[in-house]
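Going by the working numbering, the sequence shown wraps up at 782, each residue one higher than the last.
I should point out that these hints are in silico values taken from the structure, not numbers from a laboratory. Predicted model only: the values in this text are computed from it and were never measured. Note that the Cβ used here is the ideal one computed from N, Cα and C, for glycine as well. Just to be clear, a hint being listed does not mean it is correct.
Using C-beta positions, here's what the derived DEER-type ranges look like [claimed, not checked]:
{"hint": "1", "residue 1": "H644", "residue 2": "G404", "range": "35 to 45 Å"}
{"hint": "2", "residue 1": "M457", "residue 2": "F578", "range": "14 to 24 Å"}
{"hint": "3", "residue 1": "E532", "residue 2": "I381", "range": "30 to 40 Å"}
As a list, the in silico DSS-like pairs of lysine-lysine whose alpha-carbon atoms are at most 27 Å apart [what the hints assert, rightly or not]:
{"hint": "4", "residue 1": "K403", "residue 2": "K440"}
{"hint": "5", "residue 1": "K540", "residue 2": "K326"}
{"hint": "6", "residue 1": "K225", "residue 2": "K265"}
{"hint": "7", "residue 1": "K544", "residue 2": "K559"}
{"hint": "8", "residue 1": "K590", "residue 2": "K567"}
{"hint": "9", "residue 1": "K559", "residue 2": "K456"}
{"hint": "10", "residue 1": "K540", "residue 2": "K322"}
{"hint": "11", "residue 1": "K619", "residue 2": "K544"}
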Amino acid sequence: MIIIHALRFLKLKNVKTNWIKDKYLQKFKSDPKRNVKGFRVDIINELRVNVSRHQAYRAKKAALKQLEGSPEWQYSRLWDYSEEIRKTNPGSTVIVGTEQVDGEERFSRFYVCFGALKAGFKAGCRPIIGVDGCHLKGPNGGILLTAIGVDPNNNLFPIAYAVVNKECRETWEWFLIVLKNDLNIIREHEYTFMSDKQKGLMQAFEEVFPGCDHRFCVRHLHNNFKQAGFRGLAFKNALWNAAKSCTVGEWKMRMQEMKNLSQQAYDWFNDKPAVQWSRSHFSEASSCDMLLNNVCETFNACILDAREKPILTMLEWIREYLMRRMQENRDKSCTKWKDKLCPKIQQILQKHANKVSDCMPIKADDFHYQISCFDGSQHCVDLGSKSCSCRKWQLSGIPCKHACCAIYHQKQDPKDYVADCYSVDTYRRVYKPAILPMSHEGMWSESCIIPPIPPNFGRRAGRPAKARRRESDEPTLKNKKKSKRKQVQKIKRHQTTVHCRTCGNLGIIQPSVQKEFHLQCRRYLKTKLMTEATINMEGTSVRAGKRKAPTNAVNRIERDRDTSTGTQGANILHLCNL
Numbered sequence: 205m206i207i208i209h210a211l212r213f214l215k216l217k218n219v220k221t222n223w224i225k226d227k228y229l230q231k232f233k234s235d236p237k238r239n240v241k242g243f244r245v246d247i248i249n250e251l252r253v254n255v256s257r258h259q260a261y262r263a264k265k266a267a268l269k270q271l272e273g274s275p276e277w278q279y280s281r282l283w284d285y286s287e288e289i290r291k292t293n294p295g296s297t298v299i300v301g302t303e304q305v306d307g308e309e310r311f312s313r314f315y316v317c318f319g320a321l322k323a324g325f326k327a328g329c330r331p332i333i334g335v336d337g338c339h340l341k342g343p344n345g346g347i348l349l350t351a352i353g354v355d356p357n358n359n360l361f362p363i364a365y366a367v368v369n370k371e372c373r374e375t376w377e378w379f380l381i382v383l384k385n386d387l388n389i390i391r392e393h394e395y396t397f398m399s400d401k402q403k404g405l406m407q408a409f410e411e412v413f414p415g416c417d418h419r420f421c422v423r424h425l426h427n428n429f430k431q432a433g434f435r436g437l438a439f440k441n442a443l444w445n446a447a448k449s450c451t452v453g454e455w456k457m458r459m460q461e462m463k464n465l466s467q468q469a470y471d472w473f474n475d476k477p478a479v480q481w482s483r484s485h486f487s488e489a490s491s492c493d494m495l496l497n498n499v500c501e502t503f504n505a506c507i508l509d510a511r512e513k514p515i516l517t518m519l520e521w522i523r524e525y526l527m528r529r530m531q532e533n534r535d536k537s538c539t540k541w542k543d544k545l546c547p548k549i550q551q552i553l554q555k556h557a558n559k560v561s562d563c564m565p566i567k568a569d570d571f572h573y574q575i576s577c578f579d580g581s582q583h584c585v586d587l588g589s590k591s592c593s594c595r596k597w598q599l600s601g602i603p604c605k606h607a608c609c610a611i612y613h614q615k616q617d618p619k620d621y622v623a624d625c626y627s628v629d630t631y632r633r634v635y636k637p638a639i640l641p642m643s644h645e646g647m648w649s650e651s652c653i654i655p656p657i658p659p660n661f662g663r664r665a666g667r668p669a670k671a672r673r674r675e676s677d678e679p680t681l682k683n684k685k686k687s688k689r690k691q692v693q694k695i696k697r698h699q700t701t702v703h704c705r706t707c708g709n710l711g712i713i714q715p716s717v718q719k720e721f722h723l724q725c726r727r728y729l730k731t732k733l734m735t736e737a738t739i740n741m742e743g744t745s746v747r748a749g750k751r752k753a754p755t756n757a758v759n760r761i762e763r764d765r766d767t768s769t770g771t772q773g774a775n776i777l778h779l780c781n782l
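When you get a sec, could you build the whole thing from the sequences and use the hints?
The structure is reproduced here in structure tokens:
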């Protein structure tokens with residue numbers, strides 16, 4: 205009877221989904237990503253009640269819905285959220301876009317640019333902006349468009365972001381037009397944009413920023429290069445060498461190397477202007493030699509958890525993240541940074557200064573130097589205009605090794621020649637504005653505008669994919685450890701030219717003749733030592749290194765050679781005579 209009651213207790217029917225949801229609501233609030241398997245283990249250990257996997261899943265779903273609200277409720281509060289941002293953060297731009305579908309206002313787009321980010325970018329960031337789009341993995345899908353700048357420490361600086369239903373030319377044009385008005389961009393040729401070939405982005409740039417300097421991410425360019433059939437380390441090195449070339453002459457030389465490697469690979473770049481992917485043709489106005497759109501990729505990775513949430517929860521998560529980031533960087537620069545330059549810039553400058561020993565300066569006057577390097581290159585440095593013929597100084601704003609050599613010859617500090625956009629004072633001006641906090645959603649003022657309904661989102665069959673799509677030649681997570689082991693390649697013995705330990709001669713030791721080969725060397729060495737001992741005993745004074753074996757020892761070696769059978773003995777003697 206006791207056993208029967210115990211089994212009934214394990215299958216208690218009074219433990220419903222709503223009861224489990226109410227009991228563990230606070231745990232899901234602190235850890236929303238708690239998996240169902242661990243949740244079931246917690247229930248069994250605490251309550252001694254058996255709960256099915258589907259019941260635990262329904263309880264978790266109901267708890268998250270109560271904490272975050274339904275998608276319909278979240279979209280209905282977007283107008284209230286936009287009004288609250290304008291109220292608490294003056295100078296911010298918030299746009300809510302809707303469209304008429306069957307007589308109803310359906311959500312179309314949402315744009316946010318905080319006044320603090322706008323003011324910080326104008327205060328000291330360089331005129332370079334990376335744009336990118338990433339998929340949202342929440343219940344209603346969508347695309348998140350981002351515009352990211354570069355701060356004085358070469359870190360990302362978010363400027364604006366927008367949520368749209370799909371990525372196309374129309375949405376990109378709308379996003380770029382609003383961004384252009386927010387940043388008050390008038391001289392388009394002074395700005396540099398970096399992106400990938402997103403859907404409709406090329407046409408949008410031609411329409412909104414026709415005179416800007418537009419760069420492409422070289423990593424994505426290399427992926428397209430591989431998809432065209434040009435795989436392997438040789439093609440990869442040829443592409444990156446051409447992209448890293450800072451002068452037109454060096455770029456032509458690298459492209460000629462690619463042409464010698466493959467004419468088809470060289471022709472693949474005919475419709476890809478070098479101004480879009482090579483430093484040799486980059487403009488010097490942005491003081492940035494960036495080849496990768498890492499700022500956007502890094503921001504997308506930082507908000508990875510937020511991209512799985514409903515729209516209002518996601519927007520609040522991003523706002524709080526940006527608010528904390530502005531405050532942390534502001535405090536860090538004021539309390540920890542005591543030098544003139546930002547830490548990453550100091551590391552780059554120190555790396556250039558360590559290579560000064562490779563250069564020899566010849567002074568022409570107080571500002572002009574001729575720098576000769578041990579690799580045969582020769583460059584001209586002008587300290588007055590802060591330029592070098594290698595163009596690395598002009599592209600980055602940081603003195604190259606040739607400039608550091610000339611500056612040290614003047615007995616000056618290279619830090620004084622770094623561009624002002626990298627100083628700690630500029631960094632503090634960038635992060636001085638603050639994103640102000642907001643009150644709880646229950647205290648927001650209600651807008652009189654008709655609230656939108658969620659967009660139509662056709663969910664595909666099966667569980668939604670959340671993992672990043674990997675390249676064809678990129679190792680998976682399961683084989684990550686194996687791929688690291690494969691990076692250490694062992695050279696096979698039959699492919700290596702080695703030296704004999706005994707005689708020191710060159711030769712390729714094959715396993716079949718290895719034992720007999722060293723046997724012949726030992727015989728020769730033994731005969732040589734015995735001969736030298738005999739000569740020393742007879743009192744013959746011969747200089748070391750010029751002693752010769754007597755005739756009987758030479759005859760003994762010849763006899764061993766004649767007694768060797770087959771081609772094996774001939775190969776052994778040939779290796780000894782190398």
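Structure versus earlier hints - violations, ascending order: Structure breaks no hint.
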